[in-house]
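Residue numbers (the numbering used here), protein chains in the order written: chain A, 1 to 665; chain B, 1001 to 1173.
Treat the hints as calculated values from the structure; they're not laboratory data. Every value quoted in this text rests on a predicted model; they were computed, and no experiment measured them. Treat the hints with caution; some may be incorrect.
What the hints assert, rightly or not - Within a straight-line C-alpha distance of at most 35 Å, the following computed DSBU-like cross-link-like pairs (lysine-lysine) qualify:
(1) B:K1107 to B:K1062
(2) A:K424 to A:K206
(3) B:K1107 to A:K530
(4) B:K1107 to B:K1038
(5) B:K1062 to B:K1128
(6) A:K380 to B:K1038
(7) A:K530 to B:K1128
(8) A:K197 to A:K37
(9) B:K1104 to A:K530
(10) B:K1128 to A:K535
(11) A:K380 to B:K1169
(12) A:K206 to A:K335
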Amino acid sequence: MIPALGRLLILGSLLAAAAGAILGFAAGRTRSAEGLKWARRFAYLYSGLIVSAALLMVYALLAHDFSVSYVAQVGSRSVPTWVTIVSLWSSLEGSILFWGLVLGTYIGAATFLTRNRYEEYQPDAIGVWLACAAFFSFLIAGPANPFHTVPSPPLDGPGPNPLLQNHILMAIHPPFLYLGYVGFTIPFGFACAALLKGRLGHNVLKPLRESLMLSWIFQTVAIMLGGWWAYEVLGWGGYWAWDPVENASLLPWLTATAALHSIMVVERRGILKGWTITLVQATFLLVILGTFMTRSGVFNSVHSFKQSAIGPTILGFLAVSLLFVIGLLAFRIDKLEPEGRLEGAASREAMFLLNNLAFVLLTFTVLIGTVFPLIVEAMKGKQMSVGRPYFDSMTVPLGALLLFLLGVGPALPWGRASREQVKKALIPPIAGAAVFTLIGYALGVRSPWTLITLAFGGYAAQVTLSQMFLPMIQRMRNGEPLGSALIDGQLRRGRRRFGSYIVHAAVVLVIIAIAISSSMRTQLELHFVKGQTLKAAGYDVTFVGVEQRTEPHRLSTIGTFNIVKDGKPLTTLTPRMNQYQMMREPIGTPDVHSTAARDFYIALSNVDAAAETASISVFVLPMVMWIWLAVIAMALGALFGLIPSRRVILSAAKDPVPEGATETA
Amino acid sequence: MNRSVLLIGIVIAAALVAILFMGLGKNPAEIRSPLVGKPAPVFALREVGTNRTVDITQYRGKPLVVNFWATWCGPCWEEHPILVANARMYADSASFLGVVFQDKEDKILSFLQQRGSSYPTVVDDAGKTAIAYGVGGVPETYFIDAQGVIVAKHNGPMTPDILRENLQKVLPQ
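The whole structure should be built from the sequences, with the hints applied where relevant.
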């Protein structure tokens, strides 16, 4: 019953998406109001069908209906309810259905929110969204169908991948990642629509920017949650390993960040239009590339799903999308006429251009490092892997350059600036650079790259903070009291500006925290017998004992360690090893004591419950907590910038009907 | 039409798709063991439940399948009947040997009593043999030819097809 209903809903969503895509593109050509209306209706229909299909699967999982093939594959009666819900995206077929759920929600919401606006671009945008939707529904209906009927259903199933059961972050990281990943489809639709029309006007820049920003926020948080999860679960004391799939989540983030900056240049100067559109399209293509990486079994990673037939299907979609985008760019990019030109080398727009080049260079660096093993294997038949040294040596200088630009760019005025203006803007923040570097040096920082990071970070921090509160300070100079200057200058008006400086300030903090935590970490291995106390980087660690706990789905071996610092008891840490029923190797869970200054992190590397001995890896990592907090601040700052200011709401309501669009009801 | 955009785009796209296409169908988990092509590390271990020592050198002259496993490993339960059946089938042309590590003697014995066996099982108490073979996790299976050289290695549970395919490599032509 449920399998048949599920297949019906998926098939329906495929037809609705295909029909809507055709109608959308047709309405874009004929400018028919009636066609657009129907395209919208099909978008809503698609949305409703695919969301229902996903909810039906959630129901089947919760009801333990093992006649549904996907439930038989990942369901289990012995796991907690949250794990059952997480199972929706724990395995290949379900994860694509979850993709459909997110895409359906996005398309429905985007269609609804833009229904009476941007009519010039909307038909083509809907066409592009639904064409992507049709592909994913095809994938769910065919190669990745989770709704097969199991002829003789088993009484119980194996449960999802143990790695996903191991930590609650697994219930949060994937949804954020999908909200980011899938969300990039929406700005992609607007970008393609602008190219199809041969115009990138101000009215399409707004939904393009806002949808890109929203997905960017989700993606930012998702990348952080992934790093945090790795840190909390994998037990090697790090949060980023340049694993192919981590790179896959970073690549679209890099191009999206570049695009968010170049959009501002389009808004202000009317230049870099084709470039901006290319970046938005590249973001979407990198999302599809990332999807291929995780689901084809070509890359070996902690994230990989099992090998499957859907790899070639996604590769086909990637090839078609690439052709579509390249063709579209080749035929239309020259129609996007610039309305101005680059004024001078020492201007803010020139810094934006440099920022964009650095981001694109970073994207290529990471992309090449990720696919290089495939190239070598194809050419020489030898297996190899590209490791940390390559990525670190390439990305650290580019990251430093970006941090430098983050300071210099906002200090410079738009347009042509006189030599005096440039001096006045660029010299004072050197004080910030000096302060940060000296504080760092005093606290023991000696690594040259970390000192450079501190100098650029201090420079950027001073520029960012003085720019951030500029509206308030100007109001106060004009005699406004602090309270109203704060509310009017920062919170009520110019939210986008304030929000983006919050993001900048947080980025400075993230980069400094990453530099310090990776260059100043201490790592050692300790071997204990029960009751023994050993010294580790200024801490006294006592091995209290080991305990085995049996749960229905796993056997945990838990070590207990008392941590004492400077004679004062600090905490008790209980790292564990979990052996899941259907898994070859045990999975460790480290335990961490976090403070603002540093984390004390221990992971079991070997434990013998009978002999009561244990070996642990100890890591002392400074400033790690600031990475998580600052990334959350980045997301909140960007979110604050998305809240429309009063003035903008009014002007949007007064937006004239764009030329060439037909009035619709 | 902008020819340079078209040209650059097509070159990048074609290269990327071609590389990814070539990567399809390969299993990155199948890391080639550096031991393949080298003489199998020699060991002499005690047979489970007895005091008899089994020496790997006594198998020379006949292909040998060495299977590392443990009772606490789910996939090992899965592959056990396949190994037992094939060891019977190929009894004339190849020998099989099970090596258990990180396990308890009574558990191994009751496992073998319940599920049966058709070849000897030895206990790698200190795990030294597993380390010598570079075992990453159980189950792992090594295919050794009549001259005592490792010809192939498989990570993960055995299926009838994988077993047959690898046996062909060690059986005399």
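Against the structure, the hints come out as follows:
1. B:K1107 to B:K1062: holds (30 Å)
2. A:K424 to A:K206: holds (33 Å)
3. B:K1107 to A:K530: holds (26 Å)
4. B:K1107 to B:K1038: Within the cut-off at roughly 33 Å; holds.
5. B:K1062 to B:K1128: Status holds; Cα separation ~24 Å.
6. A:K380 to B:K1038: holds (22 Å)
7. A:K530 to B:K1128: The given pair, whose Cα atoms are some 25 Å apart, holds under the 35 Å limit.
8. A:K197 to A:K37: holds (19 Å)
9. B:K1104 to A:K530: The hint holds at about 22 Å.
10. B:K1128 to A:K535: Given that 35 Å is the threshold and the Cα spacing comes to 30 Å, the pair holds.
11. A:K380 to B:K1169: The given pair, whose Cα atoms are some 23 Å apart, holds under the 35 Å limit.
12. A:K206 to A:K335: Judged against 35 Å, a Cα distance of about 20 Å means the pair holds.
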